[in-house]
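Asks: Sequence:
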Amino acid sequence: MADLPIVRFEEKIIETVEKNPVVVVIGETGSGKSTQLSQMLYKRGYAKSGMIAVTQPRRVAAVSVSRRVAQEQNVRLGEEVGYAIRFEDRTSEKTHIKYLTDGVLLRESLFNPELNQYSVIILDEAHERSLNTDILLGLMKRLIKRRQSNLKVLITSATLDGGKVSRFFSDCPVLTVPGELFPVEIVHISERPKNYVEASLKTAIDIHVREPEGDILIFLTGQDDIEKLVLKLEEKIQSLQEGSCLDALILPLHGSLPPEMQVRVFSPPPPNCRRFIVSTNIAETSLTVDGVVYVIDSGYVKQRQYNPSTGMYSLEVVQISKVQAKQRAGRAGRTRPGKCYRLYPSMVYHDDFLDATVPEIQRSSLAGTVLYLKSLDLADMDILKFDFLDSPSIESLEDALKQLYLVDAIDENGSITSLGRKMAELPLEPSLSRTLLEANELDCLSQALTVVSMLSAETTLLPAPSKSSEKKRKHTPSNLPDGSGLGDHIQLLQIYEQWYQTDYNIDWCKENNLQVRGMVFVRDVRKQLSQIMHKIAKGSLDVQTSKRRRDSQQEYRILRKALFIGYANQLAERSIRHNGYRPLGFKSELVQVHPSSVLKADEDGMLPNYVVYHELIVTSRPFMRNVCAVEMRWVAPILAKLEKLNVFKLSGGSSQPDKQIQEVTLNVEKKEIATIQSPEDRDSRIQAARERFLARKGQK
DNA sequence: GAGCACTGC
Numbered sequence: 001m002a003d004l005p006i007v008r009f010e011e012k013i014i015e016t017v018e019k020n021p022v023v024v025v026i027g028e029t030g031s032g033k034s035t036q037l038s039q040m041l042y043k044r045g046y047a048k049s050g051m052i053a054v055t056q057p058r059r060v061a062a063v064s065v066s067r068r069v070a071q072e073q074n075v076r077l078g079e080e081v082g083y084a085i086r087f088e089d090r091t092s093e094k095t096h097i098k099y100l101t102d103g104v105l106l107r108e109s110l111f112n113p114e115l116n117q118y119s120v121i122i123l124d125e126a127h128e129r130s131l132n133t134d135i136l137l138g139l140m141k142r143l144i145k146r147r148q149s150n151l152k153v154l155i156t157s158a159t160l161d162g163g164k165v166s167r168f169f170s171d172c173p174v175l176t177v178p179g180e181l182f183p184v185e186i187v188h189i190s191e192r193p194k195n196y197v198e199a200s201l202k203t204a205i206d207i208h209v210r211e212p213e214g215d216i217l218i219f220l221t222g223q224d225d226i227e228k229l230v231l232k233l234e235e236k237i238q239s240l241q242e243g244s245c246l247d248a249l250i251l252p253l254h255g256s257l258p259p260e261m262q263v264r265v266f267s268p269p270p271p272n273c274r275r276f277i278v279s280t281n282i283a284e285t286s287l288t289v290d291g292v293v294y295v296i297d298s299g300y301v302k303q304r305q306y307n308p309s310t311g312m313y314s315l316e317v318v319q320i321s322k323v324q325a326k327q328r329a330g331r332a333g334r335t336r337p338g339k340c341y342r343l344y345p346s347m348v349y350h351d352d353f354l355d356a357t358v359p360e361i362q363r364s365s366l367a368g369t370v371l372y373l374k375s376l377d378l379a380d381m382d383i384l385k386f387d388f389l390d391s392p393s394i395e396s397l398e399d400a401l402k403q404l405y406l407v408d409a410i411d412e413n414g415s416i417t418s419l420g421r422k423m424a425e426l427p428l429e430p431s432l433s434r435t436l437l438e439a440n441e442l443d444c445l446s447q448a449l450t451v452v453s454m455l456s457a458e459t460t461l462l463p464a465p466s467k468s469s470e471k472k473r474k475h476t477p478s479n480l481p482d483g484s485g486l487g488d489h490i491q492l493l494q495i496y497e498q499w500y501q502t503d504y505n506i507d508w509c510k511e512n513n514l515q516v517r518g519m520v521f522v523r524d525v526r527k528q529l530s531q532i533m534h535k536i537a538k539g540s541l542d543v544q545t546s547k548r549r550r551d552s553q554q555e556y557r558i559l560r561k562a563l564f565i566g567y568a569n570q571l572a573e574r575s576i577r578h579n580g581y582r583p584l585g586f587k588s589e590l591v592q593v594h595p596s597s598v599l600k601a602d603e604d605g606m607l608p609n610y611v612v613y614h615e616l617i618v619t620s621r622p623f624m625r626n627v628c629a630v631e632m633r634w635v636a637p638i639l640a641k642l643e644k645l646n647v648f649k650l651s652g653g654s655s656q657p658d659k660q661i662q663e664v665t666l667n668v669e670k671k672e673i674a675t676i677q678s679p680e681d682r683d684s685r686i687q688a689a690r691e692r693f694l695a696r697k698g699q700k
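Under full-length UniProt numbering, the first residue of the first sequence carries the number 1, and numbering increases by one thereafter.
Since the hints were derived computationally from the structure, they do not count as laboratory data. Please note that the accuracy of each hint is not assured.
[What the hints assert, rightly or not] Quick list of in silico lysine to aspartate or glutamate cross-link-like pairs, EDC-like style, CA-CA up to 16 Å:
1. Lys152 to Glu180
2. Lys326 to Glu28
3. Lys538 to Asp443
4. Lys649 to Glu615
Here the structure is a predicted model, which means the values were calculated and not measured.
Please build the complete structure, drawing on both the sequences and the hints.
Replies: Right under this line is the structure:
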C-alpha cells in the first residue's frame with residue numbers, strides 16, 4: 001500500500017467506522033482518501049456481504065482512481081476492482097470495490113432503492129456539492145435508518161467544514177487527515193485592480209522576470225479574457241530582452257478547446273522554459289497540471305444560475321468562495337513549495353467572499369430532480385420538506401412542480417403519473433423524456449431520439465468561435481441543412497441524418513465544423529436511449545434515410561407536435577406587432593429568438609406566432625436558444641392547463657406555502673384568467689389576431 | 001443580430 005498520510009490513521013478510521021453508521025473524513029488533496037479508504041475497508045472484511053462503492057463527481061476520476069487501486073491490489077481492472085460510468089460498466093461478479101460516478105449510483109438507486117448490493121458507500125469529493133452528490137446525501141440519510149445493521153456510509157471532503165455535514169447526519173464523528181501539499185505562500189494585492197487581465201499580465205511578467213523556474217497557472221473567467229491575456233503575454237515576452245530570462249510557452253486552457261489542445265498542458269515543458277497556463281476553473285478540479293509553482297487568482301468565476309420566477313438561466317461573473325480560493329492556491333503546492341498571488345485584498349477575501357460556493361442545487365432548475373425523487377416513492381415524502389444539506393428555495397421547488405404538471409409527469413395533486421414514472425427512467429431532462437414518449441405515440445420515435453440526443457450534447461457540437469476565427473467563418477458559409485425554416489430542432493435532426501448517411505464519417509464532421517467528440521457522444525446517447533425505449537417502442541428506432549422518406553414536411557410536423565407536448569413548460573407567444581416573444585407561465589418578460597437560430601420568418605419578416613424553446617438564457621439580453629415552430633391549434637389545451645394550475649395543490653397541500661411566493665409564480669396565470677374566460681375564448685382571440693395578421697399581409 | 005464556466009445520467 002502506498003505511503004500516504006491516511007495510512008497512519010487506519011486503526012482510528014476502522015474503529016470509528018465500526019462504531020458508527022456514518023463517518024465524515026476530511027482530507028486535503030494528497031491525503032490518499034480516494035484510493036486508500038476503500039482498500040482499508042476491504043482488508044477488514046467490509047466487502048463480505050456486498051460491494052464497497054466509491055462515488056466520484058467526474059467520469060475521468062472514477063476511471064483513473066479505480067485503475068490505481070487495481071494496480072495497488074495487483075488485480076485486473078474490471079475484476080475485483082472495477083468502475084461504472086455512463087456507457088461503460090467495467091465490473092463483474094468478482095468485483096468488491098466499485099468506483100462510479102454519483103450519477104450512476106443515483107440511477108442504480110432508482111431500480112434498487114435499498115442499494116442492497118453495497119455494504120459500504122463512500123461519497124468522495126462531497127465538498128464540491130454537485131447536484132448529484134447533494135441528492136445522494138439526502139438519500140443516504142434516509143437509507144442509513146433503514147439499513148442501520150448492514151450499511152456504512154463515509155463522506156469525504158477536502159475542506160474543513162465537516163461540522164455542517166456531521167450535524168446533518170445527527171452529529172456523526174469527523175476524522176481529519178492531513179494532506180500532502182507543500183506550503184503555499186499567499187500574497188494579496190492591496191487594491192482590487194480595475195482590469196484583472198492587465199493585472200494578471202503584470203503579475204505574470206513580474207514572476208517571470210524575478211522568480212526562479214516553475215510554471216505559472218492563471219485563473220480567469222472565460223475564453224474571451226483568456227485569449228486576450230495570451231496575446232498580451234506573447235507580445236510582452238517578445239519585447240523582453242532575449243536571454244534575460246527563461247524561455248516562455250503560453251498555453252490557453254478551457255473547455256471548448258479541442259482535446260488535442262487541452263492535452264498540451266500534460267506534456268512537460270522543454271528545458272529552460274517556463275509555461276504560462278491561462279485557464280478557466282477547469283484547472284481548479286477537473287484537470288491537474290504538473291509543474292505549477294505559481295498561481296495567479298483573479299478571484300472571479302463564471303457561474304450559471306437559474307431564476308425560477310422567470311425560467312431563465314444566466315451566466316454571470318461572480319466572486320469565488322473561500323473554498324475555491326483555497327483550492328486554486330493549492331494548485332501551486334503539488335510538487336514543491338509555491339506561491340499564490342491573489343488579485344484582491346485580504347480584507348475582501350475575509351469579509352466579502354462566501355465561505356463555500358453556492359451549491360448547484362440552489363442554482364439549477366429542479367424539474368428533473370423532483371421527478372426523480374417522486375419516482376422513488378419514499379415513505380412520508382413531502383417534496384417541499386425533503387431533507388437536503390442545503391435546501392433549495394420553495395420557489396424553485398414549486399417551479400419544478402409546475403413544470404412537471406405541464407408535461408403530465410405529475411397530476412394536479414402532485415402525485416407522480418404512470419407517464420412520469422416512465423419519464424424518470426430516461427436519462428434526460430423531463431421535457432425531453434416527455435417528447436420521446438409522445439413521439440412513440442405519434443410514430444416519430446426515431447426522429448425524436450435523434451433530436452433529443454443532439455440536444456444532450458448541443459453545446460459541445462459547434463466549436464465555440466473565437467474572435468480570430470470569426471472572419472474565416474463568415475467567408476465559408478456552412479453547408480449544413482437549415483431546418484427547413486422550422487427551427488433548430490429540425491436542423492439538429494437533419495444534421496445527424498446527414499452524418500448517418502456518411503456512415504458516421506469523422507472527416508465529414510471536421511469538414512462541417514462539428515466537434516467530433518460531441519457527435520460521437522450524441523451517437524452513444526442515442527444508442528443508450530434506444531436500448532431503454534426498446535421495451536416500449538411502437539415503431540422503428542433506427543435512423544431514417546431520405547430514401548424511405550415520402551413527405552418530410554408531414555414528418556417534421558408530427559415531430560414538432562411531439563416536441564410541443566414535451567416542451568409544454570417552455571412555450572412562448574409572439575407579440576402581435578414585432579418578433580419579441582413572451583414565455584407563457586412565467587413572470588412576463590420579453591425575449592428574443594437567439595440570432596444563431598435557423599428559424600425563418602415569413603415574407604413579411606414575421607416569425608411564427610408560437611414557438612417552444614429549449615432554453616432561456618440571459619446574456620446581453622434574454623434569448624431563447626433552440627426554438628421550434630409550433631401550430632396555433634395545438635396551444636389551447638396548454639393554456640387551459642396553465643389557467644387551472646394550483647401550486648398549492650401540486651405541492652400536496654400538506655404544507656402552507658408562503659402566500660407571497662405563490663402570488664408571484666401565479667402572476668401570469670391570474671392575468672390570463674382576468675382577460676379571458678375559457679380556452680375557447682382564448683382560441684377565438686388567437687383566431688382574431690391571426691385574421692388581422694393575414695389581412696395586413698393581404699394589403700401588402 | 002450574438003458570443004457560453006464546468007460537470008453528469
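Asks: For each hint, tell me whether it holds in the structure or not.
Replies: Evaluated hints:
| no. | hint | in the structure |
| --- | --- | --- |
| 1 | Lys152 to Glu180 | violated (27 Å) |
| 2 | Lys326 to Glu28 | holds (11 Å) |
| 3 | Lys538 to Asp443 | holds (7 Å) |
| 4 | Lys649 to Glu615 | violated (27 Å) |
In the structure shown, a violation is registered for the earlier hints numbered 1 and 4, in ascending order.
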